[in-house]
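**Q** Sequence:
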Amino acid sequence: MSMFSTGILVLTSPLHTLHLRIAPVLSSAAQLVERTLYVHLHPGLNLGNGSQPRAVFIPPVVDLSTIISRLHSNAADICGHLNVQVLLTNVHAQSASLPNCPFPTPQSLAHPPEVVLTDFPLQDPSQSHQVTQSLQRYTGHCYVCSPSLSSVLLHPLLMRLQPNEEELKVPEEESEPLQTYSDVVVGGTFDRLHGAHRTLLNISCLLANRRFLIGVCDHAMLKRKVLKELVEPYSLRTQRLQEFLQDIKPSLQVEIVPLEDPFGVSVVDPLLQCIVVSEETKRGGEAVNKKRIENGFPPLILHEIQLLKDAHHTETEEEKISSSSLRSRLLGTLLTPPKDASHLAPLPYVIGLTGGSGSGKSSIAGQLEALGAVRIDCDKLGHEVYQPGTAAYHRVLEEFGSDLLNEDKTINRRALGRKVFGKQERLKALTDIVWPEIALLVENRISRAREEGKQVCVLDAAVLQEADWTCMVHEVWVTVIPEEEAVLRISKRDGLTTEEALRRLQSQWSNSKQVAHANVVLSTLWEPEVTRKQVLKAWNLLQKRIQQRPEGHVVPTSSQL
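When you read off a place in the sequence shown, starting at 1, and then add 805, the result is the number in our numbering.
Worth flagging that the hints you see were computed from the coordinates, not collected in a lab. Be a bit skeptical, because a hint or two may be false.
Simulated restraints, written as ranges between beta carbons of each label pair [as the list claims (entries may be wrong)]:
no.: 1; residue 1: 903; residue 2: 1349; range: 54 to 60 Å
no.: 2; residue 1: 1207; residue 2: 1228; range: 18 to 24 Å
no.: 3; residue 1: 1346; residue 2: 1241; range: 29 to 35 Å
no.: 4; residue 1: 1088; residue 2: 1302; range: 33 to 39 Å
no.: 5; residue 1: 1121; residue 2: 1241; range: 40 to 46 Å
no.: 6; residue 1: 1121; residue 2: 929; range: 52 to 58 Å
no.: 7; residue 1: 903; residue 2: 1075; range: 24 to 30 Å
Straight-line Cα separation of at most 25 Å, DSS-like style, residue types lysine-lysine; simulated pairs [as the list claims (entries may be wrong)]:
no.: 8; residue 1: 1125; residue 2: 1030
no.: 9; residue 1: 1033; residue 2: 1087
no.: 10; residue 1: 1342; residue 2: 1125
no.: 11; residue 1: 1033; residue 2: 1318
no.: 12; residue 1: 1033; residue 2: 1338
no.: 13; residue 1: 1338; residue 2: 1259
no.: 14; residue 1: 1033; residue 2: 1125
no.: 15; residue 1: 1185; residue 2: 1224
no.: 16; residue 1: 1228; residue 2: 1318
no.: 17; residue 1: 1342; residue 2: 1318
no.: 18; residue 1: 1114; residue 2: 1338
No experiment lies behind these values; they were computed from the predicted model shown. We treat Cβ as the ideally placed atom computed from N, Cα and C, and that holds for glycine.
Modelling step: build the complete structure from the supplied sequences, incorporating the hints.
**A** Below you can see the structure in the form of structure tokens.
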């Protein structure tokens, strides 16, 4: 059967047995849906009695909260590629003011479903057509779907995967009502929305009746994040949150605000009643309540949810599903497609490798050289252009004076450094002389590699982007480490004080600025073996890109695969 980009799963099993079916249902759905799987809950829905069923309101109960958590937990283990979203438009406590139907008109979703699936148990195979037609009409009444909506009954697949019927004969008990609140608040980074985020947001929407307030980390709150340079922009994170929440529960008043400190508006908003936390952030919730009491506001109810375990984590990643693990998995992959390089010869394919002082750029260049790349070390070429008799040698002496000369007539680069340090105009005068000469040497080295039939060159250049040498390369690779780690490395390596090392770093392009222009990002933050695996991954992916690169071909990024 063909795959669909987006599907909607209508679950009809009673809540008290549904937890036993979730894993086989998701396994079956993952064989049909590639990207987004919406989940619509209607326990007890009968699609086979001949009459057309309608959606009804279902009350928020504890079992429903448990099912939502189980759906996301199982999805993380079974079908991590799927964006699973539990829709809650039809979940509401009973009241006299409720309309007869949760869907006066079909609800629009960000991704119109192309297929509707259900766990409804088909008793008589001859009813298959009738049930699928009923399922399509039911779904079309609730949601705006693709005009060519297909329908699939998962029951035949489930018969092979699900627990036996005896296991499903669990006596039904009266469901415990779930305490809900007018105004609910959560906080987080919400980088690259994943299963743990979706659990938090789904449960929060279940708890909130009127308003849902979300504090999203920005600026100062991102400083301590692992690979903070790869955190998505605030605007993109909030856009994805808005889209997700509009699908989940469009009746909620959603407010998203930047979080610049650990508390944000949660300690000053008098209308808030509940804060949703995990076992990891519970202490933060308690700190919020302490501040609220100090500010004269009532404490919030702390609703705690469980962390989702990451069955695929490596030894350097957290055991829970986390954005930092997802960011680390991006290292070595193609983050943005290469720019047009039609002015360059196809081979050798030139990688421009750069990074701040202490980032481990040179060690990565050495590993790429060991894998078969021709390494062009711009630091060494920089020494060459200062040699007596070269064009740069004479121009530097004319510009900065012959008092720079050593006894052997070579230029004293340390003395030259003192003449330009902290003087932007003088530094530019120097780089205007030296950088073009280094670029000529680089072009000569690339031409030599081409004549020798080499496939890949690595241009190891600390000032690759500042010198505008990116026009000579097919891709830009950037190495990053946190500033505090870089300071430690520079101080140890070069015998500088912390202040001197920091000044050196601050005179260079920041990690964020470099990453903004990068195609591939690497990091030497962890053990050497971890770096080696990153570099090998990057190299192998590069070989595939080179082999699959017909004329005019657009190379897909990791997020498009």
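**Q** All the hints need checking, so say for each whether the structure fits it.
**A** So, going through the hints one by one against the coordinates:
no. : hint                    : verdict
1   : 903 / 1349: 54 to 60 Å  : 56 Å, holds
2   : 1207 / 1228: 18 to 24 Å : 19 Å, holds
3   : 1346 / 1241: 29 to 35 Å : 33 Å, holds
4   : 1088 / 1302: 33 to 39 Å : 36 Å, holds
5   : 1121 / 1241: 40 to 46 Å : 42 Å, holds
6   : 1121 / 929: 52 to 58 Å  : 54 Å, holds
7   : 903 / 1075: 24 to 30 Å  : 28 Å, holds
8   : 1125 / 1030             : 16 Å, holds
9   : 1033 / 1087             : 23 Å, holds
10  : 1342 / 1125             : 24 Å, holds
11  : 1033 / 1318             : 12 Å, holds
12  : 1033 / 1338             : 21 Å, holds
13  : 1338 / 1259             : 23 Å, holds
14  : 1033 / 1125             : 18 Å, holds
15  : 1185 / 1224             : 22 Å, holds
16  : 1228 / 1318             : 22 Å, holds
17  : 1342 / 1318             : 24 Å, holds
18  : 1114 / 1338             : 24 Å, holds
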